[in-house]
Amino acid sequence: MGEHARRMGEFKKRKTELSQVALSLDNEGDVEASKEGLDIPDDYTVWNEVVTKGKKKAAFGLGSFGLDLSSKLDSRNCSETSKDNLNIEQELHMWKEKAKEQEMINEEQKVKLKDAEHKLKDQGRQLKVQQKRIGSTEKTIHALYKKLNLPLPSTLSDPTEDELGTGSSDDNMSD
Numbered sequence: 001m002g003e004h005a006r007r008m009g010e011f012k013k014r015k016t017e018l019s020q021v022a023l024s025l026d027n028e029g030d031v032e033a034s035k036e037g038l039d040i041p042d043d044y045t046v047w048n049e050v051v052t053k054g055k056k057k058a059a060f061g062l063g064s065f066g067l068d069l070s071s072k073l074d075s076r077n078c079s080e081t082s083k084d085n086l087n088i089e090q091e092l093h094m095w096k097e098k099a100k101e102q103e104m105i106n107e108e109q110k111v112k113l114k115d116a117e118h119k120l121k122d123q124g125r126q127l128k129v130q131q132k133r134i135g136s137t138e139k140t141i142h143a144l145y146k147k148l149n150l151p152l153p154s155t156l157s158d159p160t161e162d163e164l165g166t167g168s169s170d171d172n173m174s175d
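No gaps in the numbering here: position 130 of the sequence shown is 130 in the UniProt record's numbering, and each next residue is one more.
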């Protein structure tokens, strides 16, 4: 195994360890302790830590310039950046959850709206059927009164008149 592959393995192992510690703190629900007690460094910092062990702080694998990365890298700034990134990720996760909840609410409301529309259409159809039945019944009653030569009661209107009181033919009554 080459030097680079060995260092890469060490890097991955260290990164996994840090992730597991952070995950265990998150799973325990102690978000404040995980923010304050553990600064999860970014990949660059972990790589620098693992690679420069036993070396003169030259970053193997990052170029052969012999740079002293630890002098150029402000660890406080990195830990603050890591905290900021963690806070941003948590906030992003929270907003994604809220968006999912809102989307589910919207879907439920769409279903309720469609149900209400179908119910309204059904009621409209039923109303038309009832109006036709009422019209047919009124015509039958008027015909019976005429056959029996009885005067129409005041509660019944003349079937040849519409609401405005003007005459209309029976052909216009069919809907």
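Worth flagging that the hints you see were computed from the coordinates, not collected in a lab. Worth double-checking, as some hints may not be accurate.
To be verified - Once the Cα atoms are required to be at most 27 Å apart in a straight line, the calculated DSSO-like pairs of lysine-lysine come out as: (1) K100 - K83; (2) K114 - K100; (3) K110 - K132; (4) K132 - K147; (5) K96 - K83; (6) K96 - K112; (7) K128 - K114; (8) K139 - K128; (9) K13 - K83; (10) K83 - K12; (11) K132 - K119; (12) K110 - K100; (13) K121 - K110; (14) K83 - K15; (15) K121 - K132; (16) K96 - K119; (17) K100 - K112; (18) K112 - K128; (19) K132 - K146; (20) K110 - K98.
To be verified - Per label pair, the in silico range of CB-to-CB distance: (21) E10 - M94: 30 to 38 Å; (22) E101 - S19: 37 to 45 Å; (23) T81 - L120: 32 to 40 Å; (24) A143 - E108: 30 to 38 Å.
Glycine included, each C-beta is placed from N, C-alpha and C at the ideal position.
Next on the checklist: Run the distance test for K110 versus K98: straight-line Cα separation, threshold 27 Å.
Outcome noted: Given pair K110, K98 holds - Cα atoms ~18 Å apart, limit 27 Å.
Next on the checklist: Range first: 30 to 38 Å. Now tell me if the beta carbons of E10 and M94 are that far apart.
Outcome noted: About 35 Å separates the Cβ atoms of E10 and M94, which means 30 to 38 Å holds.
Item to check | 27 Å limit on alpha-carbon distance, applied to hinted pair K139 and K128 | outcome: 17 Å, holds
Checklist entry - Going straight from one Cα to the other, do K132 and K146 come out at no more than 27 Å? => result 21 Å, holds
Item to check | Holds or violated: K121 to K132, with C-alpha atoms at most 27 Å apart | outcome: Distance of about 17 Å is within 27 Å: holds.
Checklist entry - Okay, E101 versus S19 on CB: inside 37 to 45 Å? => result Violated: the Cβ-Cβ distance is about 28 Å, outside 37 to 45 Å.
Next on the checklist: Need the status of pair K128, K114: alpha-carbon distance at most 27 Å?
Outcome noted: 21 Å, holds
Checklist entry - Is K96 close enough to K119, meaning Cα to Cα at most 27 Å? => result Judged against 27 Å, a Cα distance of about 35 Å means the pair is violated.
Checklist entry - Is K96 within 27 Å of K83, Cα to Cα? => result 20 Å, holds
Item to check | Given pair status - K12, K83, alpha carbons within 27 Å | outcome: Cα-Cα ~21 Å, so holds.
Item to check | Outcome for the supplied range 32 to 40 Å, where the beta carbon pair is T81 and L120 | outcome: 57 Å, violated
Item to check | Pairwise beta carbon distance, A143 to E108, judged against the given window 30 to 38 Å | outcome: 53 Å, violated
Violated hints, listed in ascending order, are 3, 16, 22, 23 and 24; each of the other numbered hints is respected by the structure.
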